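Number of protein chains: 2
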Amino acid sequence: MTPKIERFLAERRADTPCLVVDLDVVAESYARVRETVPDAAVSYAVKANPAREVLELLIALGSGFDAASMFEIETCLSLGASPDRIIYGNTIKKQGDIEAAYARGIRLFAFDSEAELEKLAVAAPGAGVYCRILTSGDGADWPLSRKFGCELDMAANLMLRARDLGLDAVGISFHVGSQQTDAGQWDVAIGRVAEVFKTVAERGLNLRMINMGGGFPVRYRKDVPDLETVAQTIADAIKRHFGDETPELIIEPGRSITAEAGVIQTEVVLISSKDYANGIRWVYLDVGKFGGLAETMDEAIQYPIATPHDGKAEGPVAIAGPTCDGADILYEDAGYKLPLGLKVGDKVLLLKAGAYTTTYASVGFNGFPPLKAFYI
Amino acid sequence: MTPKIERFLAERRADTPCLVVDLDVVAESYARVRETVPDAAVSYAVKANPAREVLELLIALGSGFDAASMFEIETCLSLGASPDRIIYGNTIKKQGDIEAAYARGIRLFAFDSEAELEKLAVAAPGAGVYCRILTSGDGADWPLSRKFGCELDMAANLMLRARDLGLDAVGISFHVGSQQTDAGQWDVAIGRVAEVFKTVAERGLNLRMINMGGGFPVRYRKDVPDLETVAQTIADAIKRHFGDETPELIIEPGRSITAEAGVIQTEVVLISSKDYANGIRWVYLDVGKFGGLAETMDEAIQYPIATPHDGKAEGPVAIAGPTCDGADILYEDAGYKLPLGLKVGDKVLLLKAGAYTTTYASVGFNGFPPLKAFYI
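Top to bottom, those sequences are chains A and B.
Each number in my numbering corresponds to the 1-based position in the first sequence with 7 added.
Each number in my numbering corresponds to the 1-based position in the second sequence with 7 added.
Any given hint might turn out to be false.
Which copy? The list can't say, so a pair holds if one copy fits it or any two copies do.
Stated by the list, open to error - In silico EDC-like cross-links for lysine to aspartate or glutamate, where the CA-CA straight-line distance does not exceed 16 Å: (1) 350 with 125; (2) 350 with 121; (3) 354 with 13; (4) 11 with 121; (5) 344 with 233; (6) 354 with 18.
The set of hints was computed from the structure by calculation and includes no laboratory data.
Note that the coordinates shown come from a computational prediction; the quantities given were computed from them, not determined experimentally.
Required output: the full structure, derived from the provided sequences and hints.
Right, here's the structure in full:
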């Protein structure tokens, strides 16, 4: 919560729910990442928050971009991003989209399978490619699972094959999982990357780049390692595994750039109990899982909540969204407590909600419109 | 899959992914529900598929509507639905929305808490109200959880209070959970309703209506009780608990009206393996959890899948969507098998996908546009 957002909410009195993003915080977060991980090029993960205002700001600040789709690439280009600063980072691409991206000047592509490599060889001849390796996902609040990446021996073979196909076999990528709370996972992953570098070097291919993805954690309700700790872990691991032959490094922060810049203002629609015995209060907000809070799935991301009654006596609550869907519960087991004085009509703030909210909103489930957003 | 949809897909060659809904099947499903449960008034659950074409058809066929929001109410009214055929079925409503609905002529409202009842008394004076009771959710593939409903003693007290507040205390509702696969759950729920009827009758209030909600199951991959079985269970339970004093009955089918009418055509974007040892094929489609398939959460709803190679040798697969999100996996544990001959670029059909798909789609997660839909 910043004075700027506070003032905006007080003056604008916008209908709830709405997200307000303070662009100064985006700029500060970007600067902090640049300072803390100075050896890595930054490619902002567009999917975290693809708002025009955010992208324009980051373009002005010199950021690169990690795009998940041709749609995101077009958005970045239309706002003036240079194609040589855009990575097509999705390992799952239609051949037609690869062709389109290549035609627009994109020259760095992710892959993690032979079939994708074949597409790249045909649709993006000579382009730079890097292979994503599997990580365990341990320690991540929003793990990326086995959906992405391949095992190390396969990655080595695929990089050699990339070279044989006439592609520029640039390097290796990993992603420790979004909202990674264990700094040691970067160390483990960099060690795995080093193995692949070594294997292919023995067969005459010298890789030169590591894309370390994102995952830099944001402090929601629980303490997490700070960016400095993660950066030090990365620097130590690079030093240990690569000595003075430091590869080019890329990082793809998304959440850590935009999350803290945003606040969702929502209204308490109803407070009720289900029975006389148990008495737990159910607090229903006018924003829910299908209105932008998809990351509350399995109660994974736990937004700090501010109310007009903070500091007064509080009690346990379950918190749910406004739709007629049983899955639209935000928190039932996460141990949230809210003030006993909370009442219907109160405005409540979900903090650190600037990432992975707006575009997750459904087009109109239960008739509710998507999350409105203001960038100030 | 109907000949009409087959012809449309062959002739139109629309970009994937897209949903095609055969309105004839919607009409047939509605007719079947009317015939099979002749004693109940039908209020179609708009949220299942709120497309204009579906609503216009159901208005023409004489259906009533169960609306989850003021937005859905406005949609129904704008298409010509009569306000006396629309129920405001969400137990979580802003007071302003209740006022607006009342002003537009809506006269039947759900609630499950004292706070909501107070709002109704102020904003919808004299309107008909019914209290929703808790159900266990057992047997439902998409349970509605403890988010909705209250215990029986509370429901009885609230109905008496509704009368005292000058509201028309009409009856009791329940919902056995969406895609309910155990017909016995309707019997249990009707028994619970009867208890509330009896309790309040002893205190001078005669209730006259049971809203049995939805939950009528659709046969996706697994066998489910057919509608006739559910209808017979309901009829038996009503007879046993209410004798000849049959209350007015309302049902709110959604999934069972529109699911079977729709087919999603999607394209295979990538097929890959993660390693040499395990070998399970990952099949990536151009539609996923954030493009309309939200009900694949926890692999709950399992769409039958048709491919151009059906009937040939098949093997196990994991199936995922096209986004860079680890949560965008459709099926990893559900035991899907697909033909070994399946290849990148193949068109694949997700069957029975006409309900709870279009409006669940995100506005643009990872840049991908919402699910297109055609109603024919």
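Against the structure, the hints:
For the identical chains of this complex, residue 350 and residue 125 are inter-copy neighbours only, at 13 Å across copies versus 59 Å inside a copy, given an alpha-carbon limit of 16 Å. For the identical chains of this complex, residue 350 and residue 121 are inter-copy neighbours only, at 13 Å across copies versus 57 Å inside a copy, given an alpha-carbon limit of 16 Å. Within a single copy, residue 354 and residue 13 get their C-alpha atoms as close as 12 Å, which meets the 16 Å cut-off; across copies the closest is 50 Å, which misses it. Taking CA atoms no more than 16 Å apart as the test, residue 11 paired with residue 121 passes in neither setting, with 50 Å inside one copy and 38 Å between copies.
Neither within a single protomer nor between protomers do residue 344 and residue 233 lie at most 16 Å apart by alpha-carbon distance, with minima of 26 Å and 44 Å respectively. Only within a single protomer do residue 354 and residue 18 lie at most 16 Å apart by alpha-carbon distance; the minimum there is 14 Å, versus 52 Å between protomers.
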